[in-house]
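Chains as they are written, first to last, in UniProt numbering: chain C, 1 to 408; chain U, 1 to 408.
These are calculated hints, taken from the structure and not from any lab test.
Keep in mind that a hint or two might mislead.
[To be verified] Derived Cβ-Cβ restraints for the label pairs, each shown as a range:
#: 1; chain 1: U; residue 1: Ser408; chain 2: C; residue 2: Ala309; range: 53 to 63 Å
#: 2; chain 1: C; residue 1: Thr274; chain 2: U; residue 2: Gly345; range: 27 to 37 Å
#: 3; chain 1: C; residue 1: Tyr49; chain 2: U; residue 2: Glu282; range: 33 to 43 Å
#: 4; chain 1: C; residue 1: Gly345; chain 2: U; residue 2: Gln162; range: 20 to 30 Å
#: 5; chain 1: U; residue 1: Ala309; chain 2: C; residue 2: Ala217; range: 49 to 59 Å
#: 6; chain 1: U; residue 1: Gly160; chain 2: C; residue 2: Pro156; range: 42 to 52 Å
#: 7; chain 1: U; residue 1: Thr274; chain 2: C; residue 2: Gly345; range: 34 to 44 Å
#: 8; chain 1: C; residue 1: Gly50; chain 2: U; residue 2: Thr274; range: 31 to 41 Å
For every residue, glycine included, the Cβ atom is placed at its ideal position computed from N, Cα and C.
2 protein chains.
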Amino acid sequence: MNGRLSRRKVFGLGAAGVAAAGAGVIASRSLVEEPVAADGGTAAPFPFYGEHQAGIVTPAQDRLHFVAFDVVTDKRAELVDLLQEWTAAAARLTQGREAGALGAVGGSPEAAPDDTGEALGLPASGLTLTIGFGPSLFDRRFGLAERRPAALADLPKFPGEQLVPEISGGDLCVQACAHDPQVAVHAIRNLTRIGFGKVSVRWSQLGFGRTSSTSRAQVTPRNLMGFKDGTNNMKLEDAALLRDQLWARAEDGAGWMTGGSYLVTRKIRMIVETWDRTSLREQEEIFGRSKGEGAPVGRKNEFDPVDLAAMRPDAHVRLAHPSSHGGAHLLRRGYNYVDGSDGLGRLDAGLFFIAYQRDPRTQFVPVQMGLARADRLNEYIKHVSSGVFACPPGVRDAGDYWGRALFS
Amino acid sequence: MNGRLSRRKVFGLGAAGVAAAGAGVIASRSLVEEPVAADGGTAAPFPFYGEHQAGIVTPAQDRLHFVAFDVVTDKRAELVDLLQEWTAAAARLTQGREAGALGAVGGSPEAAPDDTGEALGLPASGLTLTIGFGPSLFDRRFGLAERRPAALADLPKFPGEQLVPEISGGDLCVQACAHDPQVAVHAIRNLTRIGFGKVSVRWSQLGFGRTSSTSRAQVTPRNLMGFKDGTNNMKLEDAALLRDQLWARAEDGAGWMTGGSYLVTRKIRMIVETWDRTSLREQEEIFGRSKGEGAPVGRKNEFDPVDLAAMRPDAHVRLAHPSSHGGAHLLRRGYNYVDGSDGLGRLDAGLFFIAYQRDPRTQFVPVQMGLARADRLNEYIKHVSSGVFACPPGVRDAGDYWGRALFS
């Protein structure tokens, strides 16, 4: 049996006494105060309150549900109310509790439950919820135009991209990461429910198999091209680099973003059928790493220093390397995706790229411009969706809320 | 750390000696002969050879990748070759090995790898691969018309269904279930790769959070309506019931199907936004169970006997109950799904229903006809895809292949 079932069993024991209280009473998820996961940690919660939002340097969980919303109210007060309600719900959900204080049964059977119920009995599962504000939120509707950070610039058009507007952009986004997809889906679904009449789902994306490590304690995973991805990612142990390249500072010009970070998302469809018919030598030269070990060209082991001169000028690793961009790093935490098939006999699969940084204008944009112009991988991939979001600092305590400094 | 990472580490240790052999050599997944999962079993393989195909009574794994193919060759010999190649690959993949004997590097760096690589380092993860033959395979192309089982009848049109032809039917299907979605996706992707030029992906579906138990050792999971689903499912411990209602017999008329089973798939979109605004009382009356415990109406505990007379005549549990259909059971092993959003501001979410049985004409069809006519759940759901497949018996040994009795 897998970890999830074990955790359910743990819960089942704890709930036994409650069930005896009779019909209409439900064992609250909050009973699971100290989940004991058979696999040693999967079930445990990450703290919600803090200087930074969780879900950025948090060791990347294995599953993603990402959603972008359009705000459909034009009343600033309603938007602020929603952010407060969402913050309260997120503080509960990330700790393995239900979305609302009254749980899935509510106070009255005549009312709709304030939790949709599909995560009952499941622990926190490492859930993090991370909010971001898109450029379109800073238009005239909410009086925020003057507060738009310079770093939240619209991304330029990159050569070759084929963006679909309906699955790009958004006024708000929420990234839900967890070890259990049911927990991530449950969180997004309940935030959506709470936002009914104020926000509308613009697009959403499920992902699995995180494609980067964000901690040196993690093994480097593989993307759907079969290569290890994110070996040299910026990681939570790189304290100086995080200060310098991840977190926004007061002197960057938008004080409300101090302690926040800028998020870029790109949905990158892979033409896996073509890739799969490419020779191993070609695949390895295009990436600049060996497929098995993940060693850079001319090296032996995955974490050996990269020898750029040994690679082809158009190798992916070489073009993306910080030394090719004045030392610009990204904190990537993307996910593989398969969205069924494309109607042309092929799987619709690829990488949902997620990167955090202090300023996309000097980090993601030059890196991606270099890749878009020269990367030989471009023959096998297609950027179909794009988003850029300002992710505010963390929520300090129960009196604080997501984006308070922006609205006050 | 979750179980998956632990398993990767196990692999990493085993591979250390191999990596030292130098570039171009890759640690084969077959090194993981005895994976040790931190969560006690997730990593282990299920046997591939046997009287029945795995993936039917196998305790339902947590993740699904289901694919339906159109056969694009009209040569019977090519189809048989493909089934033989697929069987050999499935025998390897389900044991945690690569799709082909030469692995992701192949014998020559000038050749395309015979495994796509994204599961390197991952153990078997409980992978099962289950094949089925759709009614359309028995047309004139392959000389199989005379061998079509009577039980593989086209499904009737059900009231209210809104099927999309592009995501329904198919000449062949493969159900991949595993504890790790990356492993399930890898298996389907490699079968697709092997089938290039002979088959084309018609549709595919990812799922998570199995919505039924198929063993009494499993905790009943919840569907996206928040209710426990599959409490009274036919389970692997029900030996007499399985003989009577799950496995096809020689006397059923299609000898080649002896030991096989018939599969019905239905993609059931849930209008979760409407459901989430329905009162708890209404939700419980519609289902016929309590939301928290999952107890039948008028009872106290989940596994208490159902009292049909205490329920509304149109309650879901009552309409679907075997006693309402002359004792007809199904072995269900469906999955929750979220396919992003629907372009109308809502999540595109629901249940990918999977049911195995001895004869859909006397099992799925009457049950679903009763539900389609009267179930009050119909206000909140929509059937958008449908499939029916004859799943042949198991592969006996390395000299056997999927469907051999059909083609010989």
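Taking the hints in turn, this is what the structure says about them:
1. Checked against the hint of 53 to 63 Å, the C-beta distance between U/Ser408 and C/Ala309 comes to roughly 60 Å, which is consistent with it.
2. Separation of C/Thr274 from U/Gly345 is about 35 Å and conforms to the stated range, judged on CB atoms against 27 to 37 Å.
3. Taken as a hint, the range 33 to 43 Å holds for the pair C/Tyr49 and U/Glu282, whose Cβ atoms sit roughly 37 Å apart.
4. Distance hint for C/Gly345 and U/Gln162: a CB-CB separation of about 24 Å, consistent with the stated range 20 to 30 Å.
5. Range check, U/Ala309 to C/Ala217: about 58 Å between beta-carbon atoms, so the 49 to 59 Å window is met.
6. A C-beta distance of roughly 49 Å is found between U/Gly160 and C/Pro156, which places it inside the suggested range of 42 to 52 Å.
7. Range check, U/Thr274 to C/Gly345: Cβ separation about 35 Å, and the 34 to 44 Å hint holds.
8. Range check, C/Gly50 to U/Thr274: Cβ separation about 37 Å, and the 31 to 41 Å hint holds.
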